[in-house]
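A.B. asks: Residues -21 to -1, 1 to 51 (mature numbering (1 follows the signal peptide of the UniProt record, and there is no 0)) are what the sequence shown spells out, left to right.
Quick caveat, the hints were computed from the structure, so don't treat them as lab data.
No incorrect hints appear here.
Ranges between beta-carbon positions, derived for each pair: (1) K45 - A11: 34 to 40 Å; (2) L32 - V12: 35 to 41 Å; (3) A(-12) - P47: 47 to 53 Å; (4) A5 - I46: 31 to 37 Å.
Backbone N, C-alpha and C fix where the C-beta goes; we use that ideal spot for every residue, glycine too.
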Amino acid sequence: MRPHLYIVVAALLAFVTTAMAQSNEAESISSAVFGPRIRVDDAYGAYQRGFYLTALSLALPRAEKKIPPHKP
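Make the full structure from the sequences, and use the hints.
C.D. replies: Given below as structure tokens:
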């Protein structure tokens, strides 16, 4: 490999590592400010938006298995 390629690879690796660290920091700040993430009921969200067939296709398998909806 050429020497300048090593520099590019090292810089890219440093950038990715820094971006991952910032992402984790942002998620911890977000959780501290807004509280922990809660599970969202996708079927209910689809129903609210008028996507009734999507809501049915998401809710029906859970209903058949008697899995309760997600609670906040």
